[in-house]
Amino acid sequence: MVFAGRAVAAALLLSVAMLPAQAADPIKIGLSGPFTGGSSSMGVSMRDGAKLAAAEINKAGGVLGRPIQLVERDDEAKNEVGAQVAQELINKEKVVASVGFINTGVALAAQRFYQEAEIPVFNNVATGTIITNQFKEPDYDANYVFRNSAYDVLQAGLMVDEALAQGHKKIAVLADSTNYGQLGREDIEKYLATKNVKPVAVEKFNIKDVDMTAQLLKAQQAGAEVILAYGIGPELAQITNGMAKLGWKVPMITSWPSSMQSFIDIAGANGNGVIMPQTFIEDQTLPKRKAFLENYYKTYGVTKIPTPVAGAQGYDSIYLLAAAIKQAGGTDGVKIRTALENLNEKVEGVVTTYDKPFTAKDHNAISRNMVVFGKVQDGKIVYAKDEDAKNAGVVRVKEKSSN
Amino acid sequence: MAILLQLIASGVAVGMIYAAIAFGYQLTFATSKTLNFGQGEALALGALFGLTLVPFIGYWLMIPLVLVFGFALGAVVERLGVRPAVKIKSEYGWIMATIALGIIFKNVAENIWGRDDLKFPSPLPETALQVGGVRILPMELLIVAGALLMMLAVEIFNRKSIWGKAVVATSNDIDAAGLMGINTQKVITLSYSISAMTAAFAGVLVAPVTLTGATMGSVLALKAFAVAIIGGLESGLGVIVGGLILGVAETLTGFYISTGYKDVPGLILLLVVLSIRPVGLFGKAVIKKV
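Line by line, the protein sequences give chains A and B.
Under full-length UniProt numbering, the first residue of the first sequence carries the number 1, and numbering increases by one thereafter.
Under full-length UniProt numbering, the first residue of the second sequence carries the number 1, and numbering increases by one thereafter.
Think of the hints as simulated: they come from the structure by calculation, not from any bench.
C-beta: ideal position from N, C-alpha, C; glycine also.
Mixed in with the good hints there might be a few duds.
Counterexamples of contact, computed for chain A against chain B with all Cβ distances above 10 Å [said to hold, decoys possible]:
id	residue
1	Asn58
2	Val71
3	Val200
4	Lys249
5	Asp283
6	Lys326
List time: in silico BS3-like cross-link candidates among lysine-lysine, alpha-carbon distance up to 30 Å [unchecked claim]:
id	chain 1	residue 1	chain 2	residue 2
7	A	Lys78	A	Lys136
8	A	Lys195	A	Lys169
9	A	Lys290	A	Lys304
10	A	Lys94	A	Lys335
11	A	Lys170	A	Lys385
12	A	Lys249	A	Lys208
13	A	Lys59	A	Lys326
14	B	Lys119	A	Lys51
15	A	Lys208	B	Lys119
16	A	Lys136	A	Lys195
17	A	Lys208	B	Lys106
18	A	Lys51	A	Lys304
19	A	Lys204	B	Lys106
20	A	Lys304	B	Lys119
21	A	Lys346	A	Lys288
22	A	Lys190	A	Lys169
23	A	Lys380	A	Lys208
24	B	Lys119	A	Lys204
25	A	Lys356	A	Lys385
26	B	Lys119	A	Lys249
27	A	Lys195	A	Lys361
28	A	Lys28	A	Lys59
29	A	Lys290	A	Lys380
30	B	Lys165	B	Lys33
31	B	Lys119	A	Lys380
32	B	Lys119	A	Lys78
33	B	Lys119	A	Lys298
34	B	Lys106	A	Lys78
Incomplete in silico selection of chain A near chain B, CB under 8 Å [what the hints assert, rightly or not]:
id	residue
35	Ser40
36	Leu246
37	Ile266
Assemble the whole structure, with the sequences as input and the hints as a guide.
Spelled out as structure tokens, the structure:
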């Protein structure tokens, strides 16, 4: 009897001892993106940025006293794999939220599962304008899709305005034949129409195209003074190489992926001077950015983030989510969404300091004023404009009601 | 006029890339009436293997090693994929087997070299040459010359060496060749080896212009297949002409019609050739006695 009593007491003690352990259960956050394949330099940078943020948060005591655990899954940039991964993260891993998505197509195929499960999903790289509008009011009561990347309409507008500001009247548009390229081309053409400008040439190219002669000759014959190109690293590089071959040099303004390492490697010297919209440039002006970059270089043993924008946005997305979970006081999906839409705390990230980044109607954290032009220069992305470089230390905060 | 010439020049360069790959299809089809559907992967493996060697021994010294690598690769494909199917007289087994081997090769390459597109250092200057109003990269000239040289070398081998004569005899009549004491099985292995060797060589030849990666061969091999059908699966001259037709058709359509329809005329041509002359433009029409 005495023995039995002791056993019970021991069991009680044990269960009491278990309680705090239970409270410190990790908060599971899904992390999905292409970690292999053609867009892996973006996916890997994003993943590594997010992992840095999670490690820092955990080192400082976690969120609500619980550590963050990232559950990584490779979506291979394939729509069907992305959908599968989303279901696995939701149903098997029971994540409380997810960050990721590099490819617009994958985001559109996969995020509906989060929407149905009422779990917030955070796009930190994919730029398709439609992404945050997929589950918009009034068709849906609440939208669980958030984003902290510069979406296509923003980028298209910036690219066109830059071309016009440089004084070019004759504009050629080159876009790849994927969803990404064609949606971007549409955004560019729409924006050009509002400026009463008709592009002199609109050309298409395929992923893995070897030869851009036909597209470039058409643009050249049409008298183009500037090329606006929407595509990803390798093909954008083939365009610059094709121009060098034809001995034709006009300014080229591309969508953001010309900051990918593959563009820099493949274009080499031909890529110098190409400019693209960026939310983040690798400079060490602000203490937060300096710390982030130093930590990134040290942790992963590199001297440059393969795709800086993706790394920075991945890093920020975890901080934003952590702040929302803290404010929600728990891991309920509805509460986290509401908290994201009314974030009280200012979140200091590396792209910007987020002051009420989202509202119920606006799920895009990045506004147009936060995007600068980067320029390829000898294998690095630098500020394209002197005034941006000079003001690099100034945090650009979101304009109110700009989206 | 300068534009037309420029388009043709670029089309010829692209066409020769297709032809160099298509040549490999023609080699194995001649001896065994089978094809290696993993030709695109053999091309990618050759290029990636070469890329690994370049930093140590440079571009030119790397080529013989890549040739040996391709030669061995072809023998493996024949042994694992084709011979079992031919032995049991399966008409289609080799199709599945070579496709499967291709997928395996691709996955192996992805595991070793990753899935990013890589830059292949160009052995020649990357500034274009100006030839009478036409601008062309030195590397493109090397592709044309290299591909022609490769085909010429295989042709001379076939005509002059005893092994080559065995290959020709086997392509003409495999049963008669067997009765004459030719080890036709070895000849088929040899043709696969030479075929994969040409693919690997084509890989390092085109890599400085295209991108290098495990999937670099997927689109190219498909186009090369169309070229082989257009030109005729049994004719070396046919694949050159077929490649040039397809390459030039692509650039001309891109410029004069629309870059969105660049690939269409090639496919139309393929359908036309198949319906009017199924053996290809340069194929020999043989009446098969049943």
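Checked hints:
The beta carbon of Asn58 (chain A) sits about 29 Å from the closest Cβ of chain B, which is more than 10 Å, so the claim that it is off the interface holds. Every CB of chain B is more than 10 Å from the CB of Val71 (chain A) (nearest about 22 Å), matching its label as outside the interface. For Val200 (chain A), the shortest C-beta to C-beta distance to chain B comes to about 14 Å, beyond the 10 Å cut-off, and the non-interface label holds. Under the 10 Å C-beta cut-off, the non-interface status given to Lys249 (chain A) relative to chain B holds; the minimum distance is some 12 Å.
The Cβ of Asp283 (chain A) lies farther than 10 Å from every Cβ of chain B, with a closest approach of about 26 Å, so its non-interface assignment holds. Every CB of chain B lies more than 10 Å from the CB of Lys326 (chain A), the least distance being 37 Å, so the non-interface label holds. With a C-alpha separation of about 24 Å, the suggested pairing of Lys78 (chain A) with Lys136 (chain A) holds against the 30 Å cut-off. For the proposed pair Lys195 (chain A) and Lys169 (chain A), the alpha carbon gap of about 11 Å is at most 30 Å, so the pair holds.
A C-alpha spacing of about 13 Å is found between Lys290 (chain A) and Lys304 (chain A), which places the hinted pair at or below 30 Å, so the restraint holds. Distance hint between Lys94 (chain A) and Lys335 (chain A) is fulfilled; the C-alpha atoms sit about 16 Å from each other, no more than 30 Å. In summary, the hint linking Lys170 (chain A) to Lys385 (chain A) is supported, as the alpha carbons are separated by about 22 Å, within the 30 Å threshold. For the given pair, Lys249 (chain A) sits about 23 Å from Lys208 (chain A) by alpha-carbon distance, which is consistent with the 30 Å threshold.
Taking the CA atoms of Lys59 (chain A) and Lys326 (chain A), the gap is about 16 Å. The hint holds against a cut of 30 Å. Straight-line distance between C-alpha atoms of Lys119 (chain B) and Lys51 (chain A) comes to about 29 Å, which keeps the hinted pair within the 30 Å bound. At roughly 13 Å between alpha-carbon atoms, Lys208 (chain A) and Lys119 (chain B) fall within 30 Å of each other, so this suggested pair holds. For the proposed pair Lys136 (chain A) and Lys195 (chain A), the alpha carbon gap of about 28 Å is at most 30 Å, so the pair holds.
Pair hint Lys208 (chain A) plus Lys106 (chain B) holds up; C-alpha atoms about 16 Å apart against a cutoff of 30 Å. Under the criterion of a C-alpha separation no larger than 30 Å, the hint pairing Lys51 (chain A) with Lys304 (chain A) is consistent with the structure, at around 17 Å. Pair hint Lys204 (chain A) plus Lys106 (chain B) holds up; C-alpha atoms about 28 Å apart against a cutoff of 30 Å. For the hint linking Lys304 (chain A) to Lys119 (chain B), the alpha-carbon distance of about 18 Å falls within 30 Å, and the restraint holds.
As the CA atoms of Lys346 (chain A) and Lys288 (chain A) are separated by approximately 14 Å, the hinted pair is consistent with the 30 Å bound. With a CA separation close to 16 Å, the supplied pair Lys190 (chain A) and Lys169 (chain A) stays within the 30 Å bound. Our distance criterion of 30 Å between C-alpha atoms is met by Lys380 (chain A) and Lys208 (chain A), whose separation comes to about 24 Å. A threshold of 30 Å between alpha carbons decides the hint, and for Lys119 (chain B) with Lys204 (chain A) the separation of about 23 Å falls inside it, so the pair holds.
Pair hint Lys356 (chain A) plus Lys385 (chain A) holds up; C-alpha atoms about 28 Å apart against a cutoff of 30 Å. Taking the CA atoms of Lys119 (chain B) and Lys249 (chain A), the gap is near 22 Å; set against the 30 Å cutoff, the hint holds. Annotation: proposed proximity of Lys195 (chain A) to Lys361 (chain A) holds, straight-line Cα distance about 27 Å (limit 30 Å). Of the pairs offered as hints, the one joining Lys28 (chain A) and Lys59 (chain A) holds, with about 16 Å between alpha carbons and a cut-off of 30 Å not exceeded.
This hinted pair checks out: Lys290 (chain A) and Lys380 (chain A) have alpha carbons roughly 17 Å apart, not beyond 30 Å. For a cut-off of 30 Å, the pair hint linking Lys165 (chain B) to Lys33 (chain B) stands: about 18 Å separates their Cα positions. Our distance criterion of 30 Å between C-alpha atoms is met by Lys119 (chain B) and Lys380 (chain A), whose separation comes to about 17 Å. Pair hint Lys119 (chain B) plus Lys78 (chain A) holds up; C-alpha atoms about 24 Å apart against a cutoff of 30 Å.
Distance restraint check for Lys119 (chain B) and Lys298 (chain A): the Cα-Cα separation of roughly 26 Å lies within the 30 Å cut-off, and the hinted pair is therefore satisfied. Taken as a hint, the Lys106 (chain B) and Lys78 (chain A) pair is honoured in the structure, with Cα atoms around 17 Å apart against an allowance of 30 Å. Residue-level restraint check for Ser40 (chain A) holds (minimum Cβ-Cβ distance to chain B is 6 Å; threshold 8 Å). With its C-beta approaching chain B no nearer than about 6 Å, Leu246 (chain A) sits inside the 8 Å limit, and its interface hint holds.
The restraint placing Ile266 (chain A) at the interface with chain B holds, with a minimum CB-CB distance near 5 Å, inside the 8 Å limit.
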